[in-house]
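Chains A and B supply the protein sequences, listed in that same order. Residue 298 in the UniProt record's numbering sits at position 298 of the first sequence, and the numbers go up by one each step. Residue 497 in the UniProt record's numbering sits at position 497 of the second sequence, and the numbers go up by one each step.
Some hints could be false.
For chains that are exact copies, the list does not tell them apart, and a pair is met inside one copy or across any two.
[To be verified] Think about it this way: if two alpha-carbon atoms lie no more than 20 Å apart in a straight line, the pair counts; the simulated EDC-like pairs of lysine to aspartate or glutamate are:
{"#": "1", "residue 1": "Lys809", "residue 2": "Asp750"}
{"#": "2", "residue 1": "Lys788", "residue 2": "Glu669"}
{"#": "3", "residue 1": "Lys788", "residue 2": "Glu718"}
{"#": "4", "residue 1": "Lys589", "residue 2": "Glu570"}
{"#": "5", "residue 1": "Lys671", "residue 2": "Glu789"}
{"#": "6", "residue 1": "Lys71", "residue 2": "Glu83"}
{"#": "7", "residue 1": "Lys786", "residue 2": "Glu669"}
{"#": "8", "residue 1": "Lys671", "residue 2": "Asp579"}
For the record, the hints were derived by calculation from the structure and aren't laboratory data.
2 protein chains.
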Amino acid sequence: MNKLIYFFEEDNNSGKELLGGKGANLAEMTKLGLPVPSGFTITTESCIRFLNDETFFEKELKEHIIASINKLEQQTNKSFTEENHLLLVSVRSGAASSMPGMMDTILNLGLNDKRVRSFAKLTNVAFAYDCYSRLLQMFGDVVYSINKENFNRVRHDLEKQLNKKQQDFSEEQQQQLIEAFKSLFITHDVRFPQDPIEQLFEATKAVFKSWNNQRAKVYREIHHIPHHLGTAVNIQSMVFGNSGNNSGTGVVFTRNPSTGENKLFGEFLINAQGEDVVAGIRTPEPIETLQNLLPTAYKEFVHYAEQLEKHYKDMQDIEFTIENEKLFILQTRNGKRTAKAALQIALDLVAEQRLTKKEAVLRISPEAIDQLIHPIFDEKELTNAKLLATGLPASPGAATGELVFTAEKAKEYHALGKKVILVRQETSPEDIEGMVVSQAIVTSRGGMTSHAAVVARGMGTCCVTGCESLHIQEESKTMMCGDIRLAEGDLVSVDGSSGCLYLGDIPTIVVENNQNLQQLLAWADEYASLKVRANAETVSDLQTAIDFGASGIGLARTEHMFFGEKRVLEMRRVILAQDNQEFEAALTKLLEFQQEDFYQMFKAVHDKPMIIRLLDPPMHEFLPHTMNEINTLAKQLKRRPSEVQNQIEKLQETNPMLGHRGCRLGITEPKIYQMQVRAIFNSAIKLMKEGFLVRPEVMIPLVSEENELRNIKEFLTETVLETFKEQQVEPFPYEIGTMIELPRACLIADRLAMNSDFFSFGTNDLTQMTFGFSRDDIGKFINSYKEKEIMVQDPFQTLDQTGVGELIKLAVAKARQTKEGMMIGICGEVGGDPYSIPFFQKIGIDYISCSPYRIPAARLAVAQANLIN
Amino acid sequence: MNKLIYFFEEDNNSGKELLGGKGANLAEMTKLGLPVPSGFTITTESCIRFLNDETFFEKELKEHIIASINKLEQQTNKSFTEENHLLLVSVRSGAASSMPGMMDTILNLGLNDKRVRSFAKLTNVAFAYDCYSRLLQMFGDVVYSINKENFNRVRHDLEKQLNKKQQDFSEEQQQQLIEAFKSLFITHDVRFPQDPIEQLFEATKAVFKSWNNQRAKVYREIHHIPHHLGTAVNIQSMVFGNSGNNSGTGVVFTRNPSTGENKLFGEFLINAQGEDVVAGIRTPEPIETLQNLLPTAYKEFVHYAEQLEKHYKDMQDIEFTIENEKLFILQTRNGKRTAKAALQIALDLVAEQRLTKKEAVLRISPEAIDQLIHPIFDEKELTNAKLLATGLPASPGAATGELVFTAEKAKEYHALGKKVILVRQETSPEDIEGMVVSQAIVTSRGGMTSHAAVVARGMGTCCVTGCESLHIQEESKTMMCGDIRLAEGDLVSVDGSSGCLYLGDIPTIVVENNQNLQQLLAWADEYASLKVRANAETVSDLQTAIDFGASGIGLARTEHMFFGEKRVLEMRRVILAQDNQEFEAALTKLLEFQQEDFYQMFKAVHDKPMIIRLLDPPMHEFLPHTMNEINTLAKQLKRRPSEVQNQIEKLQETNPMLGHRGCRLGITEPKIYQMQVRAIFNSAIKLMKEGFLVRPEVMIPLVSEENELRNIKEFLTETVLETFKEQQVEPFPYEIGTMIELPRACLIADRLAMNSDFFSFGTNDLTQMTFGFSRDDIGKFINSYKEKEIMVQDPFQTLDQTGVGELIKLAVAKARQTKEGMMIGICGEVGGDPYSIPFFQKIGIDYISCSPYRIPAARLAVAQANLIN
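Isolated chain A (complex conformation) (with noise of 0.2 Å):
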């Protein structure tokens, strides 16, 4: 069994699972002899076992913190129960990852009626019942979820009955609010206890079960962080950045968290405790301003950044507190920073030498990548674009979406379908569900390490901070801008990166790929085994994924071809067909559509392979449902609308999903396959002639059964054959494959390897097939399901290893004893997730195969799969 408890200067290696992310810091700060004021930690292992049988407090924590609270006392020369040398702890939650605000705090603990009153003859009035106000604050937030927002609603009541603010009362009037407050607890069924060891007790426990919070498990949810782990609770004995003018608290960047400059970058306030920077009421001043104010703790400060950059090898986000002049350090960890940041930062720290290449490319998160990708708004657009306010630039991105007032309203346009961006005067950790389903969040108070700022950047959502000309009027749901009044459900556009908040829809761009980016995915390149390729057929999307750094096309649609307006009359001529004539003049019109597009398409990806997967959706899709559509369309064929109407219904389905489609139609109508496969080398040839080289991949979905293959593959290759006939060619190599997306054809992979050149697994149908799940209906349950956490990640976004990696894995073992080297792919969602990446890379996958704009993320994300393999 480890020790319950250690103190931040006890040589151990026990590192963040045992001490927690913040703990471990202390320990190690205090060690490198930075001054940290002094404390202890509590294990995560005390905190598992606490949620496990809350009864393990009593019959053994308990006396570990007595007796660790005893040694502070010693450590500190100061006491919970003597009177003139006042011990007053914070209680901090930290997990092993950081999980910024979403755990509780509790700070001042130690002060009660009596040594509130001692403390004030040591400090000033004002200065100690502030300390015990916030006290009773948090006490009665964290311990007995009594909302913030009434205690400042009494102070509030009587700061108007006296007409002045809290820090100008008299102590009696300060015991008046104390007393106010005390009342407070008292409606609730509840005391504030007087004794400080009782009030430790009770934080220390609140602490413990904040990890199982609402909040907490979303974050984790979010982020990837498992549950059991637990948080640690460090008990710090307190400074005082409140303490009068020559006080004061900040955080502060090594680095500029934002573009990555190698250059100190925070806020501090001047008489204030860190939560107030944190939590956004007052705005900030920048640090540099600090040197001017308090040179000596500046100097020193710089100092220890320094020292702390050095040590960790990275940047670090620093809090202090200044208590009359004397600078304390009280957390370090490696800070949040935009994706850009984060990408200057590890090249700028290889060129430093303190980082190899390896360590460069493992440091930066897939995420972050996605975030340099992101869209900007159209210059020429903006220039007419009507400015509403500006703030501070906190996240990057540009976005447009209705505006919603509430996290509340958020996740119910959402829900909708509907793109949202969330304005409030500051975010609080309450707010997460909302900001992780909006396009941009705005805030009208707090700065760039505001709530919003942090949670925004971890998550890469664009964001603008301090936007303070904002009037914000939640119960009537508007909110002015200048003189323009914004209801909810008002479109207005977002730039995270200029911080800046416009009316209306802004047509959005892409950055051009960055050179720091090339750089890091020329390196990840270098060390991934898994190849990327991407999801795409229309022209310029195939350009968008060779310009990404695509390795090929993994899954070229063919369907959405048909879907043009003389197209689709040809399709539906096909469909519909009276006499093989019909059919086979349609079926002529779509074969020379279908070959121009073939042949830009292999234009557009040059030498690189293509995987074209012949045509999927069910027939049905292509037929108009409207009656009005059915009598144009009637009067185009020269028919009669019923007669169509009734073609029409039978072609009905009542689960489409499981019906008529993809290799079914080849078994059924095999002359459309033909004409497909006839375009394909028909373009592949013509280009040939042209001097390319083109290796076609056809893919035939949705397969089953082996004989669906083996017939399919048969008539297929015959007009390959048929084709280089007719062209007079010699035939050249190409490859037929199957995509693997029913259980069943995971279940005979050995047999459908033996009639196939490739498999690529289209996990998006292998997913609903496995679970049962149509994606056009979960809706119905799915928050159900969430909200009872149920089903805690989409299996459509992060693979299911479970079931469907089982599958999945069975599958690529049975293909590989049948074909040792077959190429085997990876083309639906999953594919581009870094989250379900390394399961791929230890399964023996060849490529993932995502949407274009996933491509530079994946670069990255399956050279960590393969450096952490």
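Using the hints provided, position chain B relative to the given structure of chain A.
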């Protein structure tokens, strides 16, 4: 390498696999000293080698055939070349499993233009040319696919022209007929080979190839005979039943194949070849008559028949020919029989101590049992029914359907979901696919051993043959029954047990379980290890199931109960409720209904276990769809129709099979499941108080994730405990289990087992998901799949062992890892399929559950599965 050819008298134990059933029996009979015409058998292995590579014939087989013919010439003292001792042979197929009429036969082989004259001199002109013209006709049909009808037409034309029957032709006129037949070959670009050995080569090759003709393949599919076995070819010197009036040919069963009575049963024709009896062209006479006509031959035959039955320990189906009073046995095999006869014979043989009980259980096929519980017409209704015609009661049962006159039409109507009665002058092997889909088969010609009768008995299809008063006009698709004209599509009813054909629809009832069946199934139960449960929920079905010997109920669905007029209204109220009050009020009504349902159900199954499945279908299945119905509903609910319509539309799903159903309803609407469980336990407690022993088994459907199961089990368990408390009874044992019907459920079976008291595989849905097939939609492509032999077995009827079976096997193994003794059953359609049951036995399933009428067959099948295991 085995020998390619065996003479009948060669002592070998190669058996049926190598020699085919016919060849092995000919060898066996020769060894027993029976009068079998000399000959030899070309092995099935030779057939397979030939079918794989036709050059095998020239390279190897040919010389062996020549050597064998030389040996046969010596044995018979006849010759293929000499004119005075003409050797004529028959060439017959003979596979390991009997496939009556499916493959080809050629008789009289060895005749040619010249040899027929010598033959005419040795016998007589009419006989010789009859033989020769038959040879030409059969050879043309079998070797060159020249339709037999062409020959008949030529013969008919000449008979008309000469105004006499062929048997009365002069030799010159006979030769004229032969020349006309030979011209038919020429018009088909082939010629009839004059060299007997060449005839033999071509005939042998043609018989080999007939293994793969369409009707043989279909037959094998129906009877689950593997396609890779091949057929042997038997070359036997001819004897002639058509040598005049002291010659003849017949087919005799050693016991009655309809009733099992221990008495010779058969037919013969004087002056005829075997084909005449089987083809049903002339109506033959009962075997007893032979006693008077040819008493010596008859006595001899009776002797051999007894010998053969003793030898084979089973009822024999014997073909014989008498040539100028000399008896030859041409073939014997275990006779096909009705279920009733099979049962009687098996029980008699046990009584005669020729079979053990085990052997008797193994001898009856489960399909035969199905026939015994086939419906018969209600006697009361029969008195008023209009009798159209009477024929031979060829295969028992009773059926009503629409009249069709061709196999094609039968298939076409069947595909439209219609029940059809196929009426033909006579059936031929080409009709097999139409016969399979018919409710009953009626022929106007042919006897009890005609093609129609044999095939129908084999399939358990009701059949009447030799209904000579029917005048069928195939062209006009009508038939005259006396003065009544019936057209295609008219409703008729057929009684296969009485041989009667009636006009219109007659209600049927089910035969009482007869004592023989009870006896056999009692023996079966002794040998079984798998239990047989029933899928049933109405009180009458539950009663039938118990009467048929179900050991419990494997699947009682609860949704059917909501469809009564009053109930569906309450269900709709629940679904469309606008407030909680309305919801609860309707739910309470449903609770009352369900309580009464479950009370009656528990009572019907007595002390046997019953698994009740909670609500499974999506909510929209309970809602109306037409505007009329919606208006009525709106009135009932006192709501606006447009509002109700809106709500209904919102509930629609794109793929309901993959939608909001099963346990997903349990998650989103826990109160409905709670209501159901409350109803189950209230009823159980009520019965318990009345002195019954009830142990409810509750099943949760469509689970794909362990959290679903955990969540639902948790709140259901709470409800159960509440119910015990409310009813003030001591808790008694009950089980909560889950249906495994999604691929993912199979993959995580180990985890699901932790929260499940039992598993029941829902193979219908599991098959749908594994293949990605919707049963509602496969109609659009399944016929193509069958035609192109892509899907041979219907995976919804017989388990797909390769895919679905693999998943089930995996799940069983995983579940047993978690809970060694957990009860696991099968409740999908394939649970009652005799071809799937051995697989379930092998992988360790505890019980199968099927519809009540399939229970007797299943009881036998599970015993057999255990005995052969």
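*With 20 Å as the alpha-carbon cut-off, assign the pair Lys589 and Glu570 to within, between, both or neither.*
For Lys589 and Glu570, the Cα distance is within 20 Å only inside one copy (7 Å; across copies 56 Å).
*Are the CA atoms of Lys786 and Glu669 at most 20 Å apart within a copy, between copies, both, or neither?*
Answer is between; shortest inter-copy Cα gap is 15 Å, intra-copy 42 Å.
*Under a CA distance limit of 20 Å, which applies to Lys788 and Glu669: within one copy, between copies, both, or neither?*
Answer is between: at 12 Å across copies they meet the 20 Å cutoff, but 46 Å inside does not.
*Checking Lys809 and Asp750: alpha-carbon separation at most 20 Å within a copy, between copies, both or neither?*
both (12 Å within a copy, 18 Å between copies)
*Using 20 Å as the alpha carbon limit, work out where Lys671 and Glu789 are close: within a copy, between copies, both or neither.*
This pair counts as between: shortest inter-copy Cα distance 19 Å, intra-copy 48 Å.
*Intra- versus inter-copy proximity for Glu83 and Lys71 (alpha-carbon distance at most 20 Å)*: Classified as within; 18 Å inside a copy, 127 Å across copies.
*asked:* My question is about Lys788 and Glu718: at a cut-off of 20 Å on alpha-carbon distance, are they close within one copy, between copies, both, or neither?
replied: For Lys788 and Glu718, only the inter-copy Cα distance (17 Å) is at most 20 Å; the intra-copy one is 55 Å.
*asked:* For Lys671 and Asp579, with the copy left unspecified, which applies at a CA distance of at most 20 Å: within, between, both, or neither?
replied: within (14 Å within a copy, 56 Å between copies)
In the structure shown, no violation is registered for any of the earlier numbered hints.
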